[in-house]
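Chains L and C, in that order, are what the protein sequence lines are.
Residue numbering for the first sequence follows the working numbering, beginning at 350 and increasing consecutively.
Residue numbering for the second sequence follows the working numbering, beginning at 427 and increasing consecutively.
What the hints contain is simulated information worked out from the structure, not anything from laboratory work.
All values reported here derive from a predicted model rather than from experimental measurement.
Check each hint, because a few of them may be wrong.
Not the full set, but computed from the structure, chain L residues with beta-carbon under 7 Å of chain C [unchecked claim]:
| hint | residue |
| --- | --- |
| 1 | Y356 |
| 2 | R358 |
| 3 | E404 |
All C-beta atoms in this analysis are idealised placements derived from N, C-alpha and C, irrespective of residue type, glycine included.
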Amino acid sequence: MLLVVTYSRSARTSLRNVCRSHETSVVRKLGRAALFEATELGAFLALRLREKHPEDVQLEYTEPFNEFRDVPATVREAARAYERRDNPNVAYAKFAVNSPHPLPSELRKREL
Amino acid sequence: MSLYQHVGVITPGMDLTRRAALVATARSLNASTEVDVAIRELHAQLRSRSEPIPLRVDARRRVAETVTDLEAKRERVATMRGRLQATDDETAAVAYHDAIRQLSEAETEHTAAVEALTTARQQARAARDIREQRFRIEDRLENLKRRARKELVSAVLPTVNTELSKLPDCTYTSFDEADSVSAALTLVRVGALKIPVTTACRRFSDRQSAEEWLETPVYWI
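In isolation and in its complexed conformation, chain L is listed as follows:
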């Protein structure tokens, strides 16, 4: 899908207008951002916004996230284990120490 994010009041107004008049091409409205369908019409609408507000419109191409394809098992297991922790008041940084799970500093360094 196409993610459209606006960075000014006027760009947000234009986005709202586009969303109102092209509901079928808009997958989701998120305040000052929206997800457009990955069709040529979606792209046309997104490009019109960028043409109108070149500095205040950010466009990104999004992909569905598949954690089994995109993320190592260690990260998935860490997330699962942390959400099932016994003590809800313990921060992950602490939780990871002396555990099989990676530290936040290690996670930060590794790109997907």
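Once you've looked at the hints, dock chain C against the given chain L.
Using the frame of chain L, we list chain C on its own:
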């Protein structure tokens, strides 16, 4: 819009944006509001936060062009390799090496284009953090301005209603219900104008009585 822009020419059937005209009336009297200082501060904050966002359109186009070129060059290398394997003569070898050299150049150009785009995107991201702050300030500013307008209207409306009831040949006592000519004339009387207004309505018998009631010079038509 100044008060003059709202009520500078008074004719029957004139268009009057009432709320905005009321606000302009209060402003002409230098009325202040509780949020004036905050509004000025936010304006100053906006001025201090202006960071242009680098446009990435050329960088994006360059990446797309170089990748197309790269694919074409790769295909050419493959073709030349096939031809060399089939014929194994001198010209085919030269053509093959030439194709490899061109591919390597295309690779270099593509890498440079990708790096340039990455840098531009990082700069844009940093500049957008500032846009983000501006955006929030703009929203707050708009809220405060709305509040200021509301305050200005409440400050001036009672006087306007009182004066309206004194207007000759006018039966209205409420600004909101009055016809646009009566409403505009009352705003002229209440507000402070530096330029004479033009009246083309038959509310006053002559120019002098118009000027007396409106408390401002008048072009009498």
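Checklist entry - Going through the earlier hints one by one, which of them does the structure break, listed in rising order? => result Hints that this structure does not satisfy do not exist here, as all of them hold.
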